[in-house]
Each structure stands twice: as C-alpha cells, then as structure tokens.
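Asker: Below, each chain spelled out in residue letters.
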Amino acid sequence: MNPINYLYLAALLFTIGAAGVLLRRNAIVVFMCIELMLNACNLAFVSFSRMHGNLDGQIMAFFTMVVAAAEVVIGLAIIVMIFRSRHSASVDDASLMKL
Amino acid sequence: MSFPLLTATAVAPAVGAVAVAAVPAAQRTLAKWVALLFSLATLVLAAVALVRFDPDSEDPYQLTESHAWIADFGVRYELGVDGIGVVLVGLTALLVPFVVLAGWHDADPPAGAPDAATQSVTHGRWRPTQGFFALILMVEAMVILSFAATDVFLFYVFFEAMLIPMYFLIGGFGDRAGHKNEQETATQRSYAAVKFLLYNLAGGLIMLAAVIGLYAVTADDLGSGTFSLQQIAEARASGELSISTNTERLLFLGFFFAFAVKAPLWPLHTWLPNAMGESTAPVAVLITAVVDKVGTFAMLRYCLHLFPEASKWATPVILVLAVISILYGALLAVGQRDIKRLVAYASISHFGFIILGIFAMTSQGQSGATLYMVNHGISTAALMLVAGFLISRRGSRLIADYGGVQKVAPVLAGTFLIGGLATLSLPGLAPFISEFLVLVGTFSRYPAIGIIATVGIVLAALYVLVLYQRTMTGPVKAGVENMPDLRARELTVVVPLIALLVFLGVYPKPVTEMIDPAVDRTLSVVDKQDPKPDVPVQDVEAAK
Amino acid sequence: MENLIGWLVAAPLLGAAVLLCGGKRLDRLGHWLGTLLAAASFVIGVLLFVDMLGEDEHHRAMHQHLFSWIPVSGFQADVAFQLDQLSMTFVLLITGVGTLIHIYSVGYMEHDDRRRRFFGYLNLFLAAMLLLVIADNYLLLYVGWEGVGLASYLLIGFWQHKPSAATAAKKAFLVNRVGDVGLSIAIMLMFTTFGTFTFGPVLEATGETGEGKLTAIGLMLLLAACGKSAQVPLQSWLGDAMEGPTPVSALIHAATMVTAGVYLITRSGAIFNAAPDAQTAVVAVGAVTLIFGAIVGCAKDDIKKALAGSTMSQIGYMILAAGLGPIGYVFAIMHLVTHGFFKAGLFLGAGSVMHGMNDEVDMRKYGGLRKYMPITFITFGLGYLAIIGFPGLSGFFSKDKIIEAAFAKGGTEGWILGGTALLGAAITAYYMTRVMLLTFFGEERWRKTATRSPEAPSAEPAAETRGEHAEPHPHESPKSMTIPMIVLAFGSVFAGGLFSVGDRFVHWLEPVTGHDHGDSPLSATTVTLSTVAVLVVGVALAWAQYGRKPVPVVAPRGSLLTRAARRDLLQDDFNHVVLVRGGEHLTRSLVYVDHKLVDGVVNGTAASVGGLSGRLRRLQNGYARSYAVSMFGGTAVLIAATLLMRAV
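Taken in order, these protein sequences are the chains called S, C and X. Read in order, the letters of the first sequence correspond to residues 653 to 751 in this note's numbering. Read in order, the letters of the second sequence correspond to residues 19 to 562 in this note's numbering. Read in order, the letters of the third sequence correspond to residues 409 to 1056 in this note's numbering.
Check the hints yourself; a few may be wrong.
[Said to hold, decoys possible] In silico lysine-lysine, DSS-like type, Cα no more than 25 angstroms apart, as pairs: (1) C:Lys-425 - X:Lys-432; (2) X:Lys-887 - X:Lys-779; (3) C:Lys-550 - X:Lys-621; (4) C:Lys-425 - X:Lys-570; (5) X:Lys-570 - C:Lys-495.
[Unchecked claim] Simulated coverage check for chain C against chain X, where a stretch passes if three residues somewhere in it have a Cβ under 8 angstroms from a Cβ of chain X: (6) 51 to 62; (7) 240 to 249; (8) 376 to 385; (9) 461 to 469; (10) 488 to 501.
Calculated directly from the structure, the hints in this document are not laboratory data. For clarity, every value in this text was computed on a predicted model and none was experimentally measured. In this text, a Cβ means the ideal position worked out from N, Cα and C, and glycines have one as well.
With these hints in hand, go ahead and build the complete structure from the sequences.
Answerer: Next up, the structure:
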C-alpha cells in the first residue's frame, strides 16, 4: 500500500481535530480533539519515517506521545478544577482572562 | 593629586540630601536648617572653585579630575570646567540657598492638618518637608555634575537623572493656590509632572541614541571608543578622527533635540508653562533658572564643540526658531491670565535670546548668551520668588484677583517692579548687558534677525508693565486689603538678588572675564571670526 | 576739576537710593535731603562751568573715565563722561530748573503722605538725565535714556491708585520703548559700521562710510528722538502723561526729559550732516509736530493738556531747527533752554492755579483769577509773553532765530518750512492767549460751578480730602511755590536777550555743533516783522473769541476739527483700533494656537496611541476558541508564506 495514503489520513484526522477544537464548547471534547490532532501528527511522522527510510520520524513520535501524556495529566486536572468551581465544562464560560 | 574640588562641590548637596532625609519626621525646622546649611556649604565650595579658576590659563578645562569608570566602554569619570562651566556652577550654588529659603514653608503640612508629631505616630514615614528639601539638594548635585562633566556619557547620566527628583518636586509639591479644589489641583499637577517627564525623556532617549552613535564612530576611527570631550577634540584636531558629514549632522540633531527640549526652544516648549505653573515658586525657579540652563549650556559645549560643521549647517533654522521663541513667548506672556504662566512664557522668550546668541557665532553673541544665562537666572529668581510670596498671601495665581497691592504692601510691590524691570532688560540692571550683547552679536552677522529680535524688547515691556499695572496699581481689590508686606525671611531672599542685579548691571567685568577666553575657544573650534566693521575706527585713527 | 563730573550724577543718585531704601524714618526730612542733593549737583555744575569758561573755547571739553563697563572681546563699552559746551548747557538747565522744582514740590506735595518717595523718584530722574547728557558714548547715553523713561514712568504713575494714572504711565513707557528700539538699532549699526559707539571716534569717522549707512543710523536716531520728545508719530503719550503731579509735568514733560531727542540729534550732528535724507525726515517730523501740537493745544480745555500740546509744538520747533543742520543746531538748543524756563514756569503757574482751585483742571471753570493770585498771574503772564514771542522776551529771540533759519534753508523747502514755522507762531499766540484769557480774565465762572462735572476727574486726588464739593476759594500759593515761579519768570524774560546780545550763545556752542548762517531769501528784519505780525493776528483772534464774549462753562460741540483735536487728532483711536485691538486678537489667538495646536500635536499623538491600544484590547475577548482560531490562522499564513517563498 502506498504510504502516501497514510499522509492523507493524517491530514484528514488533523482537520477533524482542528474543527473540533474550534467548534465544540465542551472542554472534554476539545481535549479529545487536541489528542486527535496530536495523533494525526504522529501518524504523519511515522509515515514520513517509512517513506524516507530513517528513524527520525519515529523518534519524534515518541516525543509527541510523552508530551501528549503530560498534557493529559495537567489538562484534565485543570478541567476538573474548573468543573468543580464553576459547575460547567464549557470553555466559553472560562473567559475571565480578558480586560 | 589635588583636592577634588568639583566633586566636593557636587557631593556636598548630595550628602545634604541624605542628611535632610534622615531627619526625624517631627523635626521639620531642623530639616530646613540642615538643608540651608548644606546649600551654603556648596556655595562656599563653588566660591572657592571660582577663585581657584584662572581665566588666563591655556588649558581648556581646569580643576580637572579623571578616573576610570566603565573601562570596557571607555566611560570615564572626568570632571573639569571652562569659564562658562564654572560660572554656571557658581550660579547654581548661588541660587539654591535662596530657593531653600524662599520655600521655607512650602512643604509644611497644610494648616488644619494634624500636627506632624501626632502624624509621625500614625504614619511614621510621612514627612514631606524632609523630602522637599532633600529633592532640591539632589537636583543641585546633579546639575553641578552636568555642568562639570567632560565625559559625554557621564554628562548624559546626570542630564537624565535630574529628571527623577524634578518629577517628584513638580508632582509631589504643587502650588496650593492654583485651582478650585484639591481634586483639580492634583490632576493638573500630575499632568504637569508627567508632561515634564515625557518631554524630557523623549529628548533624552534620542540623545542616548546619538551618544551611542558617537561611541561607534570613535570606536571605528580610534580603535577603542571614547566619550571624553578632550580626547575627541584632540583626535579631531590631529585628523585621526573624521566624521562623515551626514553622520555628524545626525549626531548633532540627536544631541540638539534633547537640549532644545530642555532649553526650551519653540515648538518644544509647552511643558514649561505647565511645570512652572503647577509647581511652587521656588521649584519653578529651580526649573527655569537652574535646570533649563543645562540645556543651553550643553548646546554651547556639546553641540558646538563636538559637531562644529553640523552646527554651522543647522544655524539658519535654529536662528529662525530662536526668533520665533522670542516673539512667540513674549506675545503669549501678554495673553496670560496666570502670573506664574506669564513668567514661564517670558522665560521662553529669554531662552530664545540665549539660543540666538549662541548660534550667532560671534564673540559678543556668545559672551552675551552666557552672561544671559547668569542674569536670567538671577532676574527670574527675583521676579518669580516675589510673585510666589504674593501668591501665597492671596491664595490665587490669577492676575485678575489682584489690584492695588502697591498701596497695602509697598515693599513687595517695589521688589516686584524691580524684578519686572530686570526682566524687561532695563539698562542699569544686569540683563540689559547680556541682551544687548546678544542683539549686537546677532546683528553684526544677521542684521535682519537682529532687528526682528529687537522688537522683543517692546513686547517685554508690554507684558511686564501690564502685569504690574493689573496686580499692583489701581484701587485696592477685595481680598488684598490686609495683605502683609514682605517679612524678614522674604527680604533676606529678595534683597541680595536685587543687589546682585544692580551690581552686575554696573560692573559685569568679573563675570565677563571668566567667560571671554572660553567663548574665544569655542569660536576657534567652530572656526568663525567676528565680522569686521566697515570702517574700523582704529584704522581711521591710525591713518591720521 | 574733571573728577567732579561723576559727582553730578552721583549726588542725586545717592539721594534716590537713600530716599527709596531709607524707609519711614526719612519721612520728616527726606524732601529737604532730596532738594539739597539736587542743589549740590547744581553747585557742582556751576563750579565746572566756571572752570570751563577759564579755558580756551576749543579746549573746553572735559573727560572723565571711571571704569571699563562691558569688556568683551571685540566690544568695549566704558563708563566715561564727556562734558563739553553742549553737555554743560544741559547740565545747568537740568540741575537749575530741577532744583527749583524740588523746592516747589516741597510745598506742592505737602499733603501727600508719600512725599519722600516722590523726592526719591525726582532725584532718580535727575541722575538719569544728567547721565544722558554727560555720557561719552551712545550705550551709556542709552542707560540714561531708559533711566529717564523709568523715572517718568514712576512719576506719571505716582498716584497709582488711580487707574488712569497707571495706564498713562504704562503707555508712556511703552511708546518710549518703541523709540528705544530705534536707539538700540542705531547703536548696533554704529558698532557694525565703526566698531565702536563712542561719540568722538564715531562722529569723526562719518566721512569714511557710505551715505546709506549714515541715513539708516540717522533715521533710527530720529525714531528714538520721536519717542522721547513726543514727536509725530510717537507723540500720543505726552498728553496722558499729565496725569502725573504738576511739578513732574514741569520738570520732565516740559523742561528737560522731552528735550532729550533734540540733544540726541544735535549731538549726532555729524551723522545727520552727512545724511541729507535723514535730515529731511527730521525737519518733516519737526514741522508736522509743530502744527499738530499747536492744533491740539487750541482745543484742550484741561489747562495741563493745553500746555502739553504746546510743549509738543515747541519741541517740534527745536527738532525742525536741529534738522536744518549747522544753520539750526545752536538755535534749537537756545530755544530748548528758553523753553525750559518759560514752559516750566507756565506749568508751575498752572500747578499753583490748581492748588488754589481745589485741583480743578478745566479752564472753563476758571476765570478772573488775576485778583486772587497776583504772583501766579504775573509770573504766568511773563511766561505767556515769552512763549508767544513778545518782542524782547526770551521766546522772541529763540523762536525768531529758528524761523529765520528755516527760511535760510533755501529753495522751496526753505519757503515751506519757514511758512510752517510762521503759521505755528500764529497758532501759538492764539492758544496761549486763550489759556491766559480763560484762566485769569473774564467772569469768575467757578462761582457758578461749585460741583465738579464727573467727566472731568481731578488730576490731584488729594482734593478728595480737602472737600472738593465746596465752592473753591482761590488763594495764592505758599512761598516755597511762588519763589521758583519768580525765578523762572526772570529766566523767561531775560535769558533770550542775554544769549542773543553779541551772539553769545552762538559763540559758546559753535565749537561743538558748528554754525553756518545759510543764506536767507528774506532779511532778518522782514522775518522779525512777519513774526510780530502773525503774533498780533493770533492774539487778536483769541481775544475776539474768548475775550470779548463770555465763555460757556460747558464746552460747545465745536467743529469737526475741534472735536478731533480734543481727541488728540484721533491718534489714540487709531492706536486703539489698530494696535491695542489687533494686539489683543493676536495674543488671544496665539494662546489658543499654543494650547490647541502646538500642545495639541503632542497630546494628539498620545491620544491616538491610547485610542489604538483601546481598539486592540478588544481582541482579547477571553474565549479560548477565538485564540485558537488566530493561532491556526497564523500558522496557515506562515505555511502559505513558506510555500510561496519556495515557489519563488
């Protein structure tokens, strides 16, 4: 199978993720969409690795996974804290950081 | 290694500032006396410097001190004075004791406020009197250092640093007489202080760019950059350092802009009326008679000495701006309703004369301009301080609130008139000599400009006499009837200033002797000779 | 002897310093101290005069160098004095008349509680005026020139609590300042032309330079003279200056200060001689003023203002004579001296009349006073005869000579000038007769008008304390006032004859000013006869109008010219509309411009930066998703840019 098709899939997944981040209000969904984008990137990395025949892409994919894990830990904690204090998981409700 | 006299002269008020600030809150009177003592000590040191200065010496700078400061950038702690610098150091040291004495009660807590002793229990740090006098002494120290510095960077540091104490003096100790209510006063005052700071900072930052540019130019040509005036002068003379025309012009503009703001030259003048109007009279004197002189002094020393060619290039424009300043300042003074703003606009007109004299590039013009700095300092101090005494009695700055003061307080009116007559350059008083020298010096090279500037003397008479007529003559106005005449402390301030005005008007030789060699040196740097008269009478006599 | 010259100035200066700084302790005797020092100056003047007479006439000039005043490279001004015959004449006139007027003032100002200060100012005036005439260079002269302006300012505004006095003082100083601009430009021109402004070198070197420069210097000097001597177009201050106490009007605004312009032109004779165009300007100014002043003098009902118009006109004669060149210099000065006597006498007489009439100044409310004040009447009468040029009295000799000199100018110019001078003499005779008749003859109109009309306010505020609404009781003034009047009357009668017999005055001044007879188309006798003829016509006209018919107490409306002349021929209205109004508008609009435009540019910059940041702030809306959009947008732009760069 032509590895280029995996790149198309990665682009598709990334677009879905981006659309989700921009359009959804629920923080959990936004969060999952971010994960989707990260994994789309991973897929692209691995595909490139395969196409170019070196391992750099795979190494990057590992880094991305670590970052994603760390992000999940902190991000979920923040979402839980916001939900506890405001009784809402909508990102639009957390709009205090403005002048 | 001789005694560092100039450093001592500058350090004395700085130490005084610290000492005053350390006086406990309750002992306000002690703080005042400490301030007066230190300002007098500075005066003594400055007097010693004046005596030790030898006008006939060949050295460009005397009483020099030189130490490495920031070796990596060629910045040195270099002090030294020429005849112009030493006279202005003397002027500064002379005026500050009067400023302190005149402002004796200006920073007292307002009557009716709880006594300072009880205040100190509740707010231990609340001590405006100490702050006021400490700031005045700080300004004095920095001004003296800017007059004495011969290193461009060192000068820049103090030129900018003096803004800090000035800012607090304007913003923190306003004139209580100005406005309808406390709120309005506070708003106007902080507006004036911020305006002062912004204008001068803007000028200073442009100058900083030029200072760095100068360093880069010297570093290119000499291998290692330097800020020392003497080194730069020597390098230029020997041809080691050559600045391209365009670079020189840009650097000149950078320096000149800062000095023109400080001086102030039209159209960069609008901060001055606000600053002088809102601050107390002694602080206003400090601004116009002392701090602003750094601007005109620096034009003479830095613009002309560092960038002679560019100075000549810019002369026509500067002369026109100076003439505009003269007439514009005088006309606006006529239109003012506020006594202190009137004096401020009059000062703008006078600064026009000083700048005119500097850039006419004749020995009469420059001697006159330097003498003008001294005389303007004394005459404005006399007029402004008496105006301050007047304002503190009635609690209003508006001319319309006065009338017939002459009848109730004749001594006050008399001294006010003498201050005014000095401001309009009446012959017999000091400012006449400097104004005439400036006019003659300008006229001999630029007759048209000289004649236009001469019109300024009619306008000066107009604003002074209108002010005097409206405030002092006519029937006694309500609110003025019980005005007390000048008190002993106030007379102590005014009488010596008037005596000086008369003395320097009749016998200015001690000052001109100091100035003359320095002026000749400046003119040789810019390579300009005085225009020769058409029919030199000496030749006619020789022919006979 | 020469070392005494400085004391001429020092004595009154000392008096001024002591009296003005001395405080109330001197109130009791201060006026005598002032008088004493004025007299001391006069004595020194006489001593120097005697010394000078002992010398050969070409070596009479004395010099005293005190110290170097402004030593700047290429510029030298000294405090040095030069006393020659011309200066000497002035010194004697100033100190002599000055001392007399000091004595007069002791009585006149008796009720004023600021008398000490008055004498301080008078002494200050004497010092400045003496400095003016004995300075040996133009810059030092300038010091005296402005010094007398200051003294005049202080004295006109002596009763400062009256707004009219304060305004008049300010006006006098300002108009004089305009003239001073002329003097300072003249000095600058001299400096650039000759490299000096000391009399000797400058006046000797006039031949070495072009006529253009000299004409410029001459015109600037003329401007200065116009200011100080109240000549058209800078004459408007003199009438208002009558707000000052009467002795001041006599000393400063009649006898001495206002003649400083004549001194200046005569002193600078060498410059004018070499600049005919400037001379033409001088005679034109003189001729115009002499008619102008005379017309104004005819219309005024205020006795002092009528005399002020007359002063203007008489100085016009002097300026005219000075503009004639060597033909006229001597006569200009001679008329100046005789005028000093009779005009001071007339003013003192006017002061004496006012003193006795509750400070009423309106001549229409006088009348028939000769019975009540005989001494004033006689001295005033002698002054009157002198000024109209009654044969044998002082004014006759000096004015006649000026008219003669005007004809001697030659050509059409000579006829015009001579004719003008003759016409002036006729008008002089008319208005002075009018003053005389209104004041001392006719019915006693003051009996009808016990209360004063409000539109003619008193010049002497002390009146208010003396019960002004009562009917006046005219009475003779005290001795301290009448004695100076008598002395001056002697001068008015005999000075002219004394000077003219054997041409003494001509010989005295000739070494300094030079003299030239000119060639008159008319013989001296013809001129004298026509002078007398116009004099008779003038007196007769005045008699017909004011002597034969009763004089209305309220002034009739009068012809257009009369009404214009009452308002100083509309000069003030012109000044008001053009200068005052125009100036007010200019300053007001400049204040506006400064606030809105100059300041506005800076404030506007600040405001627009503030406004911009206010807009940008809105972008921070707090919604995480909109931040995300901008992040995506930014990334997309970056990628697009990178690709585009690749493609290119």
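Asker: Indicate, hint by hint, whether the structure satisfies it.
Answerer: Hint check:
1. C:Lys-425 - X:Lys-432: With a Cα-Cα distance of about 15 angstroms, the restraint between Lys-425 of chain C and Lys-432 of chain X holds, given a limit of 25 angstroms.
2. X:Lys-887 - X:Lys-779: Since the Cα atoms of Lys-887 of chain X and Lys-779 of chain X sit roughly 18 angstroms apart, the hinted pair holds (cutoff 25 angstroms).
3. C:Lys-550 - X:Lys-621: Satisfied, since the Cα-Cα distance of roughly 15 angstroms is no more than 25 angstroms.
4. C:Lys-425 - X:Lys-570: holds, 11 angstroms
5. X:Lys-570 - C:Lys-495: holds, 13 angstroms
6. 51 to 62: violated (count 0)
7. 240 to 249: Not satisfied, violated; 0 residues make the cut.
8. 376 to 385: holds (count 4)
9. 461 to 469: holds (count 5)
10. 488 to 501: holds (count 5)
Hint compliance for this structure: hints 6 and 7 are not met, and every other hint is.
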